[in-house]
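Chemist: The lines below spell out each chain.
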Amino acid sequence: MDYVNAIVLLLNYIFVPALAYGSQLALGAIFVTLIYGILRFANFATGDMMSFGTMVTILFTWYFQSLGITLGILPTALIAIPFAIIFMVGYMLLIDKFVFKYYRISKSPPVQLAMVSIGVMFVTQAVVRIIIGPSDRRFFDGEKFLIKAGEFKEMTGLNEGLAIKSTQVITIIVTFILVSALFWFLNKTKTGKSMRAYSDNEDLALLSGIDPKKIVIITWIIAGVLATIGGALYGLDKSFKPFTYFNNMLPIFAAAIVGGIGNPFGAFLGGYVIAFSEILLTYAYKKFFMYLLPEGLEPNTLVQLLSTDYKFAVSFSILVIVLLYRPSGIFRGKIL
Amino acid sequence: MRKNLNVIAAYIIMIGLIILVGIFQSWNIALSIFNLCLISAVMTMGANIQWGYAGLINFGIMGYTALGGLAAVLISVDPVQEAWNAGGSNILLSFLLIIGMVLAVRYVLKKYEKSKVRTYIIAAIVIAGIIIIRFVSEPGIEAIEEVNPAKTGFLGGLGLPIIFSWIVGAVFAGGLAFVIGKVALGLRADYLAIATLLISEIVIAIIKHEDWLTRGVKNVIGLKRPAPYEVNLQQTDWFINLVEKFNSSRLNLITDLMERQAALNQLVIEGSSIFVKLCYSGLFLIVVIILLILTQKALYSPWGRMMRAIRDNEEAANAMGKNVVKQHLLIFVLGSAIVGIAGAMLVTQDGLFTPGSYRPMRYTFLIWVMVIVGGSGNNFGAILGGFVVWFLWIESAPIGLYLVNLTTAGLADTNFLKVHLIESVPYFRFLMMGIGLLLIMRYRPKGILPEKIEIK
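Listed in order, the protein sequences are those of chains U and E. With the first sequence counted from 1, adding 851 to any position gets you our numbering. With the second sequence counted from 1, adding 1289 to any position gets you our numbering.
If you're looking for bench data, these hints aren't it; they were derived computationally from the structure. Source: prediction; values computed, not measured. Cβ coordinates follow ideal geometry from the N, Cα and C atoms, glycine included. Be careful, since some hints might not be right.
Said to hold, decoys possible - List of simulated lysine-lysine pairs, DSSO-like, C-alpha gap at most 27 Å:
#: 1; chain 1: U; residue 1: K1092; chain 2: E; residue 2: K1707
#: 2; chain 1: E; residue 1: K1586; chain 2: E; residue 2: K1611
#: 3; chain 1: U; residue 1: K958; chain 2: E; residue 2: K1497
#: 4; chain 1: E; residue 1: K1586; chain 2: U; residue 2: K1092
#: 5; chain 1: U; residue 1: K1162; chain 2: E; residue 2: K1497
#: 6; chain 1: U; residue 1: K1092; chain 2: E; residue 2: K1507
#: 7; chain 1: U; residue 1: K1137; chain 2: E; residue 2: K1399
#: 8; chain 1: E; residue 1: K1471; chain 2: U; residue 2: K1162
#: 9; chain 1: E; residue 1: K1507; chain 2: U; residue 2: K1162
#: 10; chain 1: U; residue 1: K1044; chain 2: U; residue 2: K1016
#: 11; chain 1: E; residue 1: K1735; chain 2: E; residue 2: K1586
#: 12; chain 1: U; residue 1: K1089; chain 2: E; residue 2: K1497
#: 13; chain 1: U; residue 1: K958; chain 2: E; residue 2: K1741
#: 14; chain 1: E; residue 1: K1611; chain 2: E; residue 2: K1471
#: 15; chain 1: U; residue 1: K952; chain 2: E; residue 2: K1735
#: 16; chain 1: E; residue 1: K1615; chain 2: E; residue 2: K1399
Stated by the list, open to error - Now the stretches of chain U that chain E is said to cover, found in silico as 3 or more residues with beta-carbon under 8 Å:
#: 17; stretch: 922-936
#: 18; stretch: 1158-1170
As the list claims (entries may be wrong) - Derived list of chain E stretches under chain U, where covered just means 3 residues or more per stretch with a C-beta under 8 Å from a C-beta of chain U:
#: 19; stretch: 1380-1392
#: 20; stretch: 1477-1483
#: 21; stretch: 1486-1495
#: 22; stretch: 1570-1576
#: 23; stretch: 1710-1720
Chain U on its own, in the form it takes in the complex (with noise of 0.2 Å):
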């Protein structure tokens, strides 16, 4: 019986890098419930969206190293992606500008306007694969780990190590920071309420003067933020390729209805969930019940409920189930 080893065990292993994936979903869950609840449609372009924000950060960072700014122990991403949020928010008031706003004006039905994202997913996968191309891409410099399995391990003298990536810890803390920041504008400011009438009810906010256009253009704005950060932190902790973000969009999506379509906390809490369940499900277990249980009763199969080729599936079918018992979600989104 060795609980502190099983908790080690548990927090290197599931906890911490749960805790950063849920994190990175939160900000893409986000980005899609903001765009369903005040746009009114749900984008398919999410994921091309947040892999068009990496690569201009990527393209920044690039620059930034062959001028020597880097940022220490820090990756020089982060200085990259200010100036790629820039970009971002321009791509897509553009895009909105030439696509979107025709069919939002002559107030077609969301179906179409889903199929119409189909189209921008189509045109920024191809712009992305065009200027950086289609591999695997590796942008993260600086101290790689915060804490290593080895150190840890003689810190404390346990068994297991517990190893804290950077790029984890970066995650978690600029998740925060923005979600707070984004709770804030929400329920605080005067535009942030506007926004929130606006989702709510289109036609009584427009009678008390709120001005549609403003609205559409923050929402953009907010959208190019977290879609670019949360696009970036990914690249930074795991690598950028294209087809790897274009698949992300489907446990974003998930994410967004699971907690609850056009409910920004919804959708924050959603990420983790579909992230922990995740791993929860496809963790082999073995060494956990090892320290547990007395000896001569270890298991001797993996204990693992799920082999980890299915992880995206355990995501998706806990979406289904949520769809079948409660399909405004959790957290009670826009009703169906």
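Following the hints, put chain E in place on chain U, whose structure we already have.
Modeler: For chain E alone, coordinates are given in the frame of chain U:
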């Protein structure tokens, strides 16, 4: 006749383009484009039935295509006797257990009123069932996958001609659609799109990783063919004679006997692959024509009128006593079954089943571009969409290369920009599809050949 002038003109242009490819590139490429156009046309017909007739969004096309492909494997591959001996009984037992589990859940659902207790009982049955099934199937799966893993390592199929799989593929896809429809059809349009997209990903995950059934990412190669093999054709007398007769004028120009023989051999090799492709074209054309006749009949039948009524105003149709839920489910199953046929046709043509190649971009979104571009609600439009989009998808790389060369003609061959652009030519297809879709949606939202309903 005059009314249909635009349809005829559009098809003539399309066929003309394919013939141009034949003349300028090669007939082999032209025919393979044509064959895949036909398969795409079947897929778009399936999607068009769902979207154009009934307004249902189905983003799960990839899943049904893969299931159709799986059917081709399960029907045509010879059974692996050793694997059946090693773990067949475990698999059959788990199969029975799954059926038992489903029946138990159904029984509970029917017997008891909706309550919290019922939900818990169902959850308990499902969880217990999954654990028991894992314990039963695990040794079987391991035993099967150990049987000659380099070559088999799976149960194999029934060893029947592969043509049967086209029907079985439809049944598989229809069955999956029935389950999904029961679960998800109540959802609003964009939720349905997301739910079907995600469910199709689950289907692909299962096909990719259940090696005992599908060999997973190890792929199944060398499937049986409904058409003759090139190697055999090249040695058949009647075929050589045919090629000789076909090219007699060209061959007669060559006087030297040796040279003539060499030229003939070359022509026979080329001819054999063209002949095989023509066989496939014939088979696919038959399927497309049968489906076209059926869907066209359905469109103008009372049933088709009812579907359009449901699409255009669900409440009104419901008030007129039409069972909207039932009809939606029916059309969901029918459309998906057609996509399943296309999936089986695709694997039949390729002769191999590669679960790793099923990607939503190619098998879901591209098909949707086809339906929207061609004209939703119009079968001729949907087929045309399949042709146009597939043609562009393949030919956009040469077109892109031409454009790059044209615009960067002033730059040196080693110029960084030029090299980079030429390297990224394959991605111009995404750009072309995206811009094409956006332009069509903006300026011709009903597609190239819009829906035209006349009362006869």
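Chemist: Run every hint past the structure and note whether it holds.
Modeler: Structure-based check of all given hints:
no.: 1; hint: U:K1092 x E:K1707; in the structure: holds (23 Å)
no.: 2; hint: E:K1586 x E:K1611; in the structure: holds (20 Å)
no.: 3; hint: U:K958 x E:K1497; in the structure: violated (42 Å)
no.: 4; hint: E:K1586 x U:K1092; in the structure: violated (47 Å)
no.: 5; hint: U:K1162 x E:K1497; in the structure: holds (13 Å)
no.: 6; hint: U:K1092 x E:K1507; in the structure: holds (24 Å)
no.: 7; hint: U:K1137 x E:K1399; in the structure: violated (40 Å)
no.: 8; hint: E:K1471 x U:K1162; in the structure: holds (25 Å)
no.: 9; hint: E:K1507 x U:K1162; in the structure: holds (20 Å)
no.: 10; hint: U:K1044 x U:K1016; in the structure: violated (38 Å)
no.: 11; hint: E:K1735 x E:K1586; in the structure: holds (21 Å)
no.: 12; hint: U:K1089 x E:K1497; in the structure: holds (23 Å)
no.: 13; hint: U:K958 x E:K1741; in the structure: holds (24 Å)
no.: 14; hint: E:K1611 x E:K1471; in the structure: holds (18 Å)
no.: 15; hint: U:K952 x E:K1735; in the structure: holds (19 Å)
no.: 16; hint: E:K1615 x E:K1399; in the structure: holds (19 Å)
no.: 17; hint: 922-936; in the structure: violated (count 0)
no.: 18; hint: 1158-1170; in the structure: holds (count 8)
no.: 19; hint: 1380-1392; in the structure: violated (count 0)
no.: 20; hint: 1477-1483; in the structure: holds (count 6)
no.: 21; hint: 1486-1495; in the structure: holds (count 7)
no.: 22; hint: 1570-1576; in the structure: violated (count 0)
no.: 23; hint: 1710-1720; in the structure: holds (count 8)
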